[in-house]
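Here are the chains, one letter per residue:
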Amino acid sequence: MKVPIEWLKDFIEINQSPQELADGISLHSLQVEKINDGILEIEITPNRADCLSILGIAREIAAFTNSKLKTQKLKLQLKTQRINKPIEVKIEEPKICPRYSYRIIDGIKIKPSPRWMQERLIAYGFRPINNVVDTTNYIMIEFGQPLHAFDYDKISGAKMTIRRARTNEKLETLDGIIRVLNSQAIIIQDKDKLIDLAGIMGGQNSQVTENTSTIILQAAVFDPILIRKTCKKLSLQTDASYRYERNIDFNGTIDCLNATADLILETSAGQTGKIFDLQNIKWRPVRIIWQPENDVKRILGIKISHEKILNFLKKLEIKCISCSVDKKTCLMEIPSFRHDLKIREDLVEEIARMHNYNNFPISLLSQETPPINFSWDNLEFLMDLLVNYGFMQVINYPYLSKNDLLNANINPTKCLEIANPISSETRYLRPNLQVSILKNIAKNPFSSEINIFESGSIFPAGKEVTSLILATTQKEEIFKQIIEKLQQIFKVNIDVKIEKINNQLLNNFKIRKRNVYTIMIEDIDRRLSNVKNISQYKLNFSPTKYIPISKFPPAAFDLAFITDKNQNSMEIEDEIKKYDSNIFIVELFDEYYFVKKNTKNIAFHIWIQKADNSFNEKEITQIKDKIIRNIISKFKAKLRNY
Amino acid sequence: MPNFLPKGRLHPINIFLRKSVIFFQKYGFEIVEGPEIDTEYYNFDALNIPRYHPARDMQDTFWLKDGRLLRTHTSTMQVRSMQNRKPPVRIIVPGKCFRHEATDASHETNFYQLEGFAIDSNLKISHLTSILNKFMKELFGPEVSTRFRPGYFAFVEPGIEMDIKLENEWQEILGAGMIHPNVLKNMKISPKKYTGFAFGMGMDRLMMLYYGINDIRLSYSGDLRFLKQF
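So the sequence lines, in the order shown, correspond to chains P and U. Here the numbering used here is used: the first residue of the first sequence is 1, the next is one more, and so on. Here the numbering used here is used: the first residue of the second sequence is 1001, the next is one more, and so on.
So here's chain P without its partners, still in its complex pose:
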């Protein structure tokens, strides 16, 4: 929610800089995501409906800065007139509308709202419309109570009935859309038509226009769950419904009707009638029994005195109703605007955030040896093995499109389907790992050779199993070696087929390479879970800085050098990267020793890219020459020609 700091100042003295204020709010209440030109953007979590208002935020600031909240705006007592315009309001079912407060304002003139109000509305994100509509929006932002104004003269029969809609009843809302309703929706009806989608959006036929002179001003409480169900069904969310579904202050209607009438009459002629207040459900405050010092100590691990705890809570308007003589147990009363406080742990949280989570002592858990998860350890160890055979790990999405499946000759109806896919690309869950791995190969046309593997979940026939796939564009020999090695290490019989991908499949996936082999092992984690005493996998954690990849195709070339046999190859690899900012990958792909000469041959694949273009031959040669010159002189190496 956007909260202008100057608006907050109506309720509270603010002496801090915007940044200090934002930090305070973030550390004690809600996260301030941005500060923009004196406006705080605060993320209001679903539990804190009370903070969907300027007053709510100001109340929080008052609590953690220990300052006083100015509440004169809430204590208006307006002079009311007798207005001879009757309206009969009936609520069919108490649960759907626990409270309905309203008043009539007569003889008003519709015109633009005052400049200052427009500016605040714009800062929050509303478009100014007229003095009546703007004022209802303004008061909603300020106090969190949604309000609505009906044009009195458009209501026939001087009658309003609040009830559930009937199936397929229709109502045209303010935005000109005809809404088809069901019994989850709450509507208001006059003698002969629906006039309001209660708590969500007004009806077109009862709205305030420039000819309106009498309004019915409504401040009501509606059932949060029904509002939410209807919003979900209609895919409609308004500032009013957002507040209703998060639960508003049951006791806020009267003050807000006063504040609204006051503001409307400040800018327009007219007179206000008295407030009518229908309460079908009696509101009872929530009370919590707890042990302040004990509960705080038990959950937070710090000692805070009884008095200090109660004082923190008092600032949040949480009152202590009674206390046992030894002060151990207290009964607390929760203010009507705080729907998130229900149990003692909720009170502990209030203390924690007022105290500040960064002021807790350090208490580190003891070091211990956990039970071993063999299937995890073994699978990780297996991955290390594959990496040593030159395989790269890929991780793919679990979803496939219909096209992907058809390309792979898989019948989509045999796959698990997502009911609400984001696009056709996320519609099916993969029945094997092969489809995604073929897409990977297609995506890397620049690589002359590709060795990749993936371990992940697949969903064949409605089940979920962990599977492993390896793919190579080199000789299938490597698979035979790997399978042999796996059987030797894990001492399990792994009966897998080496599959050569046929040309039709390669063409379907637009793969130019002709020799593509895969092996797939299903249920890999379960197969490995009974294998104990395998060596530990390794951790290679180093602060590499990622170099963004270019939109333009890279160029790749190989260079081979002859160096002293003791020369560290990695050192040369790192060195090559330094010579030109366009070099982004250097990989050692060959290394062998000439025993008699005390030298070795090392060869590198070198990948270069430019952010804004591709390379021409001359540029490639220049970079090559630079590398060769430098490596020869720095490492006393010789270039080896193929």
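Hints listed in this document are in silico derivations from the structure and should not be mistaken for laboratory results. Quantities reported herein were computed from a predicted structural model and do not represent experimental measurements. Hints may contain errors.
[Unchecked claim] Capping the alpha-carbon separation at 25 Å, the derived lysine to any residue pairs in SDA-like fashion look like this:
#	chain 1	residue 1	chain 2	residue 2
1	P	Lys480	U	Lys1007
2	U	Lys1228	P	Ile288
3	P	Lys303	U	Lys1007
4	U	Lys1026	P	Phe360
5	P	Lys480	U	Arg1009
6	P	Lys538	U	Gln1113
7	P	Lys233	U	Glu1040
8	U	Lys1134	P	Asn373
9	P	Lys532	U	Pro1035
10	P	Lys545	U	Ala1105
11	U	Lys1228	P	Phe552
12	U	Lys1007	P	Gln481
13	P	Lys545	U	Asp1223
14	U	Lys1193	P	Asn373
15	U	Lys1185	P	His339
16	P	Lys463	U	Arg1080
17	P	Lys538	U	Arg1205
18	U	Lys1096	P	Tyr537
19	P	Lys538	U	Ala1105
20	P	Lys578	U	Asn1214
21	U	Lys1188	P	Pro371
22	U	Lys1185	P	Leu78
23	U	Lys1137	P	Gln367
24	U	Lys1096	P	Glu425
25	U	Lys1065	P	Gly462
26	U	Lys1026	P	Ser363
27	U	Lys1228	P	Trp376
[What the hints assert, rightly or not] Chain U side only, calculated, beta carbon under 10 Å to chain P, not exhaustive:
#	residue
28	Arg1056
29	Lys1065
30	Ile1091
31	Phe1098
32	Ile1131
33	Thr1146
34	Glu1161
35	Asp1215
36	Phe1230
[As the list claims (entries may be wrong)] With the Cβ distance kept under 10 Å, some of the chain U side facing chain P (calculated, not the full set):
#	residue
37	Lys1007
38	Glu1030
39	Thr1039
40	Tyr1042
Here a beta-carbon is modelled for each residue, glycine too, at the ideal position from N, C-alpha and C.
Take the given structure of chain P and dock chain U to it, following the hints.
Same frame as chain P, but now just chain U:
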């Protein structure tokens, strides 16, 4: 071990998972894994997130046609794994999760989460903040600044969020808190006798901050120009 060239590489997310798992194992956390397809009960109801609660909006969900869902967090394993365990426990749950979101450079429909939780007779929130601080310093160096703020997740109470400061900006990195008494009850554990803490962090985001990666989608692109850099 054979030594083929060029060497392959692990996916950077896997490197991060390993690093994290090894850290928490030192403090006695057992690795537990669970299904990616789960039920509404374990993903939401058991975690104190009722059906028509706005808290559900925090985790937009992929639903399967058969009524099951793709888990939105690995917190599904909180109640699941306690069906055959008794406190004290320390558990971590690495795994893939899914959110029904439009994708861009910082949003993905799938990501890796590391969930962790502990239940014991004497656990305080300071145990939680201390171990998370230690972990972030292990990842980003001892000098990295951290802070905790109030946060809201229906399955913890109190709830907190943690930020780390990188290049002078606070970065939101994880949510945590003390396990909500309703969740403990769903585990058949008495909230009077035991307390617990839980945390969940996105591995993708941590990995991206660590290596300076600007687009979350690269991870799942299968692009070797990306994968060969780690």
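**Request:** If any of the earlier hints don't hold here, list their numbers in rising order.
**Result:** 2, 3, 14, 19, 22, 39, 40
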